[in-house]
Amino acid sequence: MIWAITMPTWGLSMQEGTIVGWRVAEGSPTAAGAELVEIETSKIANSLEAREAGVLRRQLVKAGQTVACGELIGIIATDEVSESAIDAFIAKFPRPRPAASQAGENASSDPSLFLELPSGRRLCCTMRGNLGSAVVFLHGFGGDSHTWLFNQGGVAEHHLTVAFDLPGHGGSTKQVDSGSIEELASSVAYGIDQLEFNRIHLVGHSLGAGIALAVWEGRPERVASVSLLAPFAFGSHANQRYISDFISAQRSRDVQRCLALLFADPKAIRRDMVEAVVRYKRLDGVTEALAKIAASALREPAPIEISPALKTLMSGVLVIRGVHDNIVSAGEVPFGVKLQAMTHSGHMPHMEEPDRVNELLLKHFAEADSADMGVR
Amino acid sequence: MARTSFRQALNDALRSEMRRDSRVVVIGEDVAGGAGGTGVDDAYGGIMGVTRGLVGEFGRARVIDTPITESAIVGMAAGAAMTGLRPVAELMFVDFLGVCLDQILNQAAKFRYMFGGKARTPLVIRAMFGAGFSAGAQHSQCLYSIFTHIPGLKVVIPSSPYDAKGLLIQAIRDDDPVIFLEHTKLYDLEGEVPAESYTVPFGEAHVLREGGDLTIVALARMTHVALEAASALAEKGIEATVIDPRTTSPLDEATILESIGVTGRLLVVDESNPRCSVASEIAAVVAERAFRDLKAPIRRITAPHTPVPFSPVLENAYIPSSPAIEAAAMELAKWS
Chain Y
8 MIWAITMPTW GLSMQEGTIV GWRVAEGSPT AAGAELVEIE TSKIANSLEA
58 REAGVLRRQL VKAGQTVACG ELIGIIATDE VSESAIDAFI AKFPRPRPAA
108 SQAGENASSD PSLFLELPSG RRLCCTMRGN LGSAVVFLHG FGGDSHTWLF
158 NQGGVAEHHL TVAFDLPGHG GSTKQVDSGS IEELASSVAY GIDQLEFNRI
208 HLVGHSLGAG IALAVWEGRP ERVASVSLLA PFAFGSHANQ RYISDFISAQ
258 RSRDVQRCLA LLFADPKAIR RDMVEAVVRY KRLDGVTEAL AKIAASALRE
308 PAPIEISPAL KTLMSGVLVI RGVHDNIVSA GEVPFGVKLQ AMTHSGHMPH
358 MEEPDRVNEL LLKHFAEADS ADMGVR
Chain S
982 MARTSFRQAL NDALRSEMRR DSRVVVIGED VAGGAGGTGV DDAYGGIMGV
1032 TRGLVGEFGR ARVIDTPITE SAIVGMAAGA AMTGLRPVAE LMFVDFLGVC
1082 LDQILNQAAK FRYMFGGKAR TPLVIRAMFG AGFSAGAQHS QCLYSIFTHI
1132 PGLKVVIPSS PYDAKGLLIQ AIRDDDPVIF LEHTKLYDLE GEVPAESYTV
1182 PFGEAHVLRE GGDLTIVALA RMTHVALEAA SALAEKGIEA TVIDPRTTSP
1232 LDEATILESI GVTGRLLVVD ESNPRCSVAS EIAAVVAERA FRDLKAPIRR
1282 ITAPHTPVPF SPVLENAYIP SSPAIEAAAM ELAKWS
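Respectively, the protein sequence lines represent chains Y and S.
Residue 162 in our numbering sits at position 155 of the first sequence; the count goes up by one each step and never skips.
Residue 1308 in our numbering sits at position 327 of the second sequence; the count goes up by one each step and never skips.
With the rest of the complex left out, here is chain Y:
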């Protein structure tokens, strides 16, 4: 067996790391969990531990050198693996994707990417990580890719991740046509096509979950797994009072009152979260876009029907729901779906219990990936 050691991504802002020194000599055995190499970032110095037991066969990056996150820095392999097999492994190892066509002057610190939709509007997404299968995050009504603040970084250590800003949200154009789930899903699907992913794990929160299901329906062959958090799906109802209050809230205190409903513990709301939402809501076009989406996507209960083609695939669906959710009712989760209740969460389990949610997501992706391998 050969295992890659790559430059890890410790935290959201880490782009690259410097090798301070290897703690295991080339050719020496190492145990799983043993300190392998010390790495320094602009913020911290930390030790990377070996995930597998084996022999450290190669140190590909020497002390003092700096490489991007995801770059191959060393090889662990078992004794019987030949040197030529290791060379072949290194030659084939995918290079991290360059941070291509980034907008803005400070491209190095901003992983935002802007895609142009057929309408000429802009679809913004934030990419992190460059390993493994692709994971697509879709936020809920009134949110943006920052809703995955506590999730995307962790998941990006094992996967290539992309968090979209839905049309009318975040860095995307603040304009929608009807604002229906179909329209939003088709924009997201177009973005996924542009990014040329073969297989994706879809993760959707709230309205984003309804959109994830619609994306899945349109491209079933592309989707390896679906994870739905506090989903607006399977016939659930959205809290109309919350939605209209959120749309009309202009002042910080009104926004804060709205956001308090999202969390099991309203004290979880920080001032900077409120300020970010207030700033979003002040942008030209946002109120109109939100009103359209609310009217056309959220007024009626979420569709309860599932297309026959997907019905047999429900074991690939994970639903995570906070037991204190005030925003979206539970709906009728179909047979076969994995259901996880979060006892300390309201509508935002991914922010309220992020470690647990990340663990569930990674496990779900791994199961789907290994099933994929089996199929092939």
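For the record, the hints were derived by calculation from the structure and aren't laboratory data.
As the structure is a prediction and not an experimental result, all values here were calculated from the model.
Treat the hints loosely; a few may be bogus.
What the hints assert, rightly or not - Quick partial rundown of chain S residues pointing at chain Y, CB under 7 Å, derived from the structure:
(1) 1177
(2) 1178
(3) 1179
(4) 1180
(5) 1185
C-beta atoms are modelled at their ideal positions from N, C-alpha and C, and glycine is treated no differently.
Here the structure of chain Y is known, so what remains is to put chain S in place on it, guided by the hints.
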């Protein structure tokens, strides 16, 4: 998000509103680059470079250079506003208010009222203000209390690039005369500013920092001095809330009163002279409406009742400082 200077944020706001609405025009001294000269158009863009590039995009009909005649600038802008344009007039220094006060006080501010609500005056008057450049007694004053005193005017005093852009767009879209004041020392301040257009509403204060021990209210450059003092105080175990009202007319009394309900101590920091000042007004509102919440006397830290000195040493002593705020806060904290 890109980091943008206060100056550039103002330029962005003007440019985006001029693109959005053809009725928006800019009027002032050297806003295009010098009327009648033979040199390159658009060489400067106003004394602080805020209007740079506008004449190239929008032409001389919408970026209008004027003679050095503040009464003509404001009179022309007020009349244009009444007859359907949305002018943004620039006074180089707010100190020159004296030569055009009638146009503002008796004309622009009164039209809506005197014509029974049938006239609108969507006028913005931008002006630079404040001390710190040794520009002398006639080019360094903080005269916002004079405008705040006049019914019919809205008075806006941004402290950050984000607020500068959003408040200026709001000012241009507002149907009443708005006095928009820019502190001299803030033009090079950088901060995160969205590329898109947005508005910051009038009458909503910005809570810059939260603490339970005292409330500091400050405007424009003084918010930064207050925040510096608040950091120093935090190291001594005193936690201050810092509130930037952002507009003095309308004034967000609710946010200030709410904070006093928590802290019971008020310190107002104001670069203006103290008599009949915005600091006095805020102190009066709190004394009148939150007397029961107060644990300590209200304190004002202001400039003295003197002209702004030209001497850098004296000017420095004139401007409220972080140590002065700190010392006053320590005194207030002793009351319980």
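How the hints compare with the structure:
1. 1177: Hint holds; residue 1177 of chain S Cβ to chain Y Cβ min 5 Å, cut 7 Å.
2. 1178: It holds, given that the least Cβ distance between residue 1178 of chain S and chain Y is near 4 Å, below 7 Å.
3. 1179: Interface hint status for residue 1179 of chain S: holds (4 Å vs cutoff 7 Å).
4. 1180: Status holds, d = 6 Å.
5. 1185: At 5 Å from the nearest chain Y Cβ, residue 1185 of chain S passes the 7 Å test, so the hint holds.
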